[in-house]
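Chains as they are written, first to last, in our numbering: chain A, 1 to 121; chain B, 1 to 387.
It is worth saying that the hints were derived from the structure and are not from the lab.
As the structure is a prediction and not an experimental result, all values here were calculated from the model.
Positions of the beta carbon are idealized from the N, C-alpha and C atoms, including for glycine.
The reader is advised that the hints may include incorrect statements.
Stated by the list, open to error - Quick list of in silico lysine-lysine cross-link-like pairs, BS3-like style, CA-CA up to 27 angstroms:
#1 B/Lys326 / B/Lys277
#2 A/Lys5 / B/Lys148
#3 A/Lys42 / A/Lys98
#4 A/Lys45 / B/Lys148
#5 A/Lys96 / B/Lys367
#6 A/Lys5 / A/Lys45
#7 B/Lys148 / A/Lys42
#8 A/Lys5 / A/Lys42
#9 B/Lys37 / B/Lys96
#10 B/Lys96 / B/Lys9
What the hints assert, rightly or not - Here are some chain A residues pointing at chain B (derived, C-beta under 10 angstroms):
#11 Lys5
#12 Thr83
#13 Ser87
#14 Glu89
Claimed, not checked - Non-contacting residues of chain A with respect to chain B, defined by C-beta distances greater than 12 angstroms in every case (computed):
#15 Leu12
#16 Gly30
#17 Phe34
#18 Lys57
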Amino acid sequence: MRFTKDHEWIELDGDMATVGITAYAAEQLGDVVFVELPSVGKTLKTGDGMAVVESVKAASDVYAPIDGEVTAVNDALSTNPETVNGSPEGDGWFAKVKVADTAAIEALMDRDAYEAFLQTL
Amino acid sequence: MSSSEAPLKTTPLTETHRAMGARMVPFAGYDMPVQFKDGVLTEHKWTRAHAGVFDVSHMGPSFIRLAAFSGDPDADHKAIAAAIEPIISGDIAGLKPGQIRYTILLNEQGGMLDDLMVGRFPEPDLAGGLYIVVNGATKDDDFALIEKTVLPEAGFLRVDDRALIAVQGPEAVDVVSAIFPGAEDMSFMTLRRFQDGEFPALVGRSGYTGEDGYEILIAADHAVAFYERLLADERARPIGLGARDSLRLEAGLPLYGHDADPSVSPIEAGLKFAVPKVRRERGDLRGQDRLVAEFGGALSRVRVGLKVLEGAPAREGAEIADGAGKPIGVVTSGGFSPSLGQAIAMGFVPPECAAIGTRLNVIVRGKAQAAEVVAMPFVPHRYVRKP
């Protein structure tokens with residue numbers, strides 16, 4: 001699993017990646033009440049908004065950690081958005097993405113680097 | 001007005017909140033807890049079921065008192081009412097001892113400079129004084145206007161260096177009357193002074209959550225001990241500003257600076273009750289002609305409640321469109337209602353679109369989502385009124 005400074009995680013399996021938000025992000029957002037997911041087939045550019053996650057208090061953008069094409073989204077979040085809080089790095093995943101350049105993922109932070117990054121916040 | 005570089009002000013409880021692990025944010029120029037460890041959703045539901053304790057010391061409590069008393073309580077009350085009524089919409093002369101009224105600070109155009117609570121001192125023989133609480137974000141301007149208006153007939157004293165603590169929810173009465181015996185006998189929107197106990201305080205049975213509850217003005221050097229005493233009661237938990245906002249939204253109560261501003265009249269804001277007949281007929285309201293015309297129905301916009309029937313919560317700034325897609329208004333506050341489990345909002349629309357049941361759309365991130373005009377409050381008020 002790799003991580004971004006915007007608190008997304010990405011896990012690669014072949015050229016397919018699963019994307020979500022980190023446990024730290026979920027904790028900071030508080031109780032998630034709504035998730036707006038991208039449409040299947042959408043082309044993502046690194047850094048573009050790919051989803052919106054809403055807590056009671058506010059809406060927050062989730063940014064694409066990688067270039068690629070959305071092949072599936074976690075529809076279960078539309079009825080159970082609280083899964084993002086309960087299992088942010090598991091059942092609370094947001095989208096599956098067919099990745100154009102898998103090497104770009106390697107450039108992202110690993111867990112140790114991300115944990116160290118969190119200490120600086 | 002407030003610069004982002006200005007150091008944040010603190011309340012007598014700021015350090016206590018930090019020590020409890022609250023998440024702190026800047027609000028109205030103060031360093032304030034937006035949530036405690038439970039989080040907004042749990043804090044909201046706790047307040048609706050039990051008792052929530054809120055630090056609202058950023059708000060603006062103040063007193064005005066006649067410079068010279070006649071000794072006749074009725075005459076003195078009439079005199080202090082006459083000093084403040086020129087800038088507000090309410091009937092202050094009609095207040096009984098200890099009665100509190102929600103009212104509006106008006107500009108010359110009949111627009112809202114703030115909403116506020118005005119209470120007559122509770123002691124029948126201590127007439128000639130009023131307790132006035134204004135909003136935190138506007139208090140410096142409000143205080144300046146109030147002081148200028150009441151001088152020289154009355155003196156003005158801001159007491160926002162004290163702590164103002166709200167206890168709200170169905171069990172607030174038990175929590176508060178354990179410390180202030182007799183508080184359970186108070187009616188909603190009344191004021192009583194508790195002078196002789198461990199914590200001398202001015203206690204109002206009032207609040208802004210839609211629940212029964214109290215707002216307690218207490219000296220800064222008693223604040224921490226009093227707050228800790230409240231929280232030692234297992235029915236009481238600390239609640240942050242996040243839940244305070246979702247609670248008042250469900251209660252259909254406008255938040256100044258969002259659902260009201262100097263361009264908005266109390267009639268447009270759905271606060272007709274705050275512009276009583278006795279004031280309209282006397283004819284000396286600021287913005288008299290506009291307010292009377294609007295009262296008669298000459299309105300271009302009114303505040304409505306909306307249930308968002310699908311999609312994301314519609315928040316402040318989201319456009320409101322009619323069924324044909326034509327923009328007709330804007331959301332002024334909105335979010336997820338923890339009690340109802342769905343998104344709700346308030347906004348302004350033309351009167352012809354304001355009837356209960358009207359189907360409208362809210363535009364969230366470019367997408368039109370169905371919404372319906374509903375009656376407010378969204379969640380019934382549970383104020384306790386005594387005969």
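Review point. If you check each hint against the structure, which ones fail?
Key: Violated hints: 1, 2, 4, 7, 9, 10, 11, 12, 13, 14, 16, 17, 18; rest satisfied.
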